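Undergrad: Listed below are the residues making up each chain.
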Amino acid sequence: MVRLLDVCKVYENGTPALSGINLKIDDGEFVFLVGSSASGKSTIVKILTSEVKMTSGRGIVNGFNLNRIKPSKVPELRRTVGVVFQDFRLIDKKTVYENVAFAMRAVGAPPRIIKKRVPYVLQLVGLERKMKSYPNELSGGERQRVAVARALVNNPSMIIADEPTGNLDPKMSIEIMSLLEKINELGTTVLVVTHERELVNEFSKRVIAIDSGRIISDRTGGYYQNETL
Amino acid sequence: MKLYNITYFLREGIQSIFSHRLMSIAATSVICACLLLMGSFSLVAMNIDKLLEDIENKNEIVAYVEETFTEEAARAIESDILEITEIDSVEYMTKEKALENFKKEFGDESGILDGLDERNPLRDRYTVTLRNIHDTQKVADALSEVDGIAKVSARSDITDKIIQVRDVTTAICTVLILILVLVSVFIISNTVNLTMFNRREEIAIMKMIGATNGFVRIPFVIEGLLIGIAGASVALLLQWGVYEYIVASTLSAISFIPTVSFGSAIWYILIMFYGVGILVGGAGSALTLRKFLKV
Ligand SMILES: Nc1ncnc2c1ncn2[C@@H]1O[C@H](COP(=O)(O)OP(=O)(O)OP(=O)(O)O)[C@@H](O)[C@H]1O
Ligand SMILES: [Mg+2]
Numbered sequence: 023m024v025r026l027l028d029v030c031k032v033y034e035n036g037t038p039a040l041s042g043i044n045l046k047i048d049d050g051e052f053v054f055l056v057g058s059s060a061s062g063k064s065t066i067v068k069i070l071t072s073e074v075k076m077t078s079g080r081g082i083v084n085g086f087n088l089n090r091i092k093p094s095k096v097p098e099l100r101r102t103v104g105v106v107f108q109d110f111r112l113i114d115k116k117t118v119y120e121n122v123a124f125a126m127r128a129v130g131a132p133p134r135i136i137k138k139r140v141p142y143v144l145q146l147v148g149l150e151r152k153m154k155s156y157p158n159e160l161s162g163g164e165r166q167r168v169a170v171a172r173a174l175v176n177n178p179s180m181i182i183a184d185e186p187t188g189n190l191d192p193k194m195s196i197e198i199m200s201l202l203e204k205i206n207e208l209g210t211t212v213l214v215v216t217h218e219r220e221l222v223n224e225f226s227k228r229v230i231a232i233d234s235g236r237i238i239s240d241r242t243g244g245y246y247q248n249e250t251l
Numbered sequence: 140m141k142l143y144n145i146t147y148f149l150r151e152g153i154q155s156i157f158s159h160r161l162m163s164i165a166a167t168s169v170i171c172a173c174l175l176l177m178g179s180f181s182l183v184a185m186n187i188d189k190l191l192e193d194i195e196n197k198n199e200i201v202a203y204v205e206e207t208f209t210e211e212a213a214r215a216i217e218s219d220i221l222e223i224t225e226i227d228s229v230e231y232m233t234k235e236k237a238l239e240n241f242k243k244e245f246g247d248e249s250g251i252l253d254g255l256d257e258r259n260p261l262r263d264r265y266t267v268t269l270r271n272i273h274d275t276q277k278v279a280d281a282l283s284e285v286d287g288i289a290k291v292s293a294r295s296d297i298t299d300k301i302i303q304v305r306d307v308t309t310a311i312c313t314v315l316i317l318i319l320v321l322v323s324v325f326i327i328s329n330t331v332n333l334t335m336f337n338r339r340e341e342i343a344i345m346k347m348i349g350a351t352n353g354f355v356r357i358p359f360v361i362e363g364l365l366i367g368i369a370g371a372s373v374a375l376l377l378q379w380g381v382y383e384y385i386v387a388s389t390l391s392a393i394s395f396i397p398t399v400s401f402g403s404a405i406w407y408i409l410i411m412f413y414g415v416g417i418l419v420g421g422a423g424s425a426l427t428l429r430k431f432l433k434v
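Chains as they are written, first to last, in this note's numbering: chain F, 23 to 251; chain L, 140 to 434.
These are computed hints drawn from the structure, not numbers from a lab.
Mixed in with the good hints, there may be bad ones.
[Claimed, not checked] Straight line, CA to CA, 20 Å or less: simulated SDA-like cross-link-like pairs of lysine to any residue:
#	chain 1	residue 1	chain 2	residue 2
1	F	Lys68	L	Arg339
2	F	Lys68	L	Glu341
3	L	Lys234	L	Leu261
Source: prediction; values computed, not measured.
Looking at chain F on its own, in the form it has when it is part of the complex:
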């Protein structure tokens, strides 16, 4: 669940990234956030995970008030939001299994639970045969799926995927999207950030378009149109 009200962000060096963003995402939704490079998409993601503070405006994520959240509560907020990063951010020294298990350990899950949950999630993303591989032994799509598995493993109520298909070919991209769609059907809210028009148009979902830090359209079942960019 996300509520942003009149959110503005000006970075410390004076770069304006967002101005007057109003955004409402309910539990269980599947939403695309689209826009060209430097339009402010990642900035929105970072505000949602409290990685950066908004300059003005108000926001709530999964019941956490972004304006008032104490630093000690930020880990709790982040456990409700699974983020899939554009550059995967896997740990190269750890196996696929370890990379995912590590995320569970980081939030204090007991090993007994980890042993059950990690294989289940890896199977969900179709990587049960690659558990013992290292990230550099995987294809881009496989790595992306490890990243999805890691975002998923702690049972967040929302998954945010920032450019999850950035380095993938179209077929792989559709596969990843289908995976996210499946996760959404299992009850998790999904927010996909992308600038790939063709991909968005493959699915009939809610599309929020952003340009120069402003929301310029928000249509359900709509298309990501060229002229809006």
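Let chain F serve as the given structure and place chain L with the ligands on it in line with the hints.
TA: Showing chain L with the ligands alone in chain F's frame:
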């Protein structure tokens, strides 16, 4: 903290120590050197104290009575002497008794003292013991003021020298130890810093996933603590070996110098080494952690 977390943290901490061995060895060595200095100083101080105590026990001032005094007159001085407040006890000894003691001390070779009995060169004397060795000079001065005392012999010069040496050593060692403690904290902090730098990606990921600062921090604190403990252990063994060697080879040859056995100092050394090692290790890592956790 749960058990499965402890094993995880320990594993992570040990892993990072081995991932940059040179740095860890440097940090361990510096702590070790610091502790060795502390330990050596403490042992020297303990030995000096023991020596002082020994002298203190024997610390008698002998006050010789004027030869012109009769025994009766000599005994009368005692009340004057007792007025000196720093005195613990006073014992009067006739010159005959003194000669007897003197002969006893020479034992087999007492023959050379034969014939002294008719013309005893010794004087009647008072043997005075003190409450506090520091008052030696003061009491000696006071005694020589007493009417009828011809001469006072005190060992104040030796004890003063020893105390002076101990005080100077204390000052120098305190400064050195402080410097070394700071250097140790600095080096440990750098070692942990290196680990954190090597693992900054991992740390950032952990933070993004929702790990608490505490969880991220513990392996690094453990790394610092382990380095501290390793330094303390090496220092303890070295200290023991070196001390026993020095005592066996040199000090014991000079038999009249009493020595402290390592065994009797071991608890003191043990607690000091591990206490300081752990403190320095903890402080070193705590210093570094803050800046990496701001994600
Ligand atoms: N840490 C930062 N400090 C200063 N300016 C920043 C920072 N991060 C982003 N910006 C600026 O804010 C604006 C929006 O950046 P943002 O990363 O949100 O874009 P984006 O839509 O995610 O772009 P892309 O599609 O290329 O990832 C850009 O002009 C960028 O240069
Ligand atoms: Mg971006």
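Undergrad: Hint by hint, note whether the structure agrees.
TA: Evaluated hints:
1. Lys68(F) / Arg339(L): Distance of about 18 Å is within 20 Å: holds.
2. Lys68(F) / Glu341(L): 18 Å, holds
3. Lys234(L) / Leu261(L): Answer holds: Lys234(L) to Leu261(L) is near 5 Å, not above 20 Å.
In terms of the numbered hints stated before, the structure departs from none.
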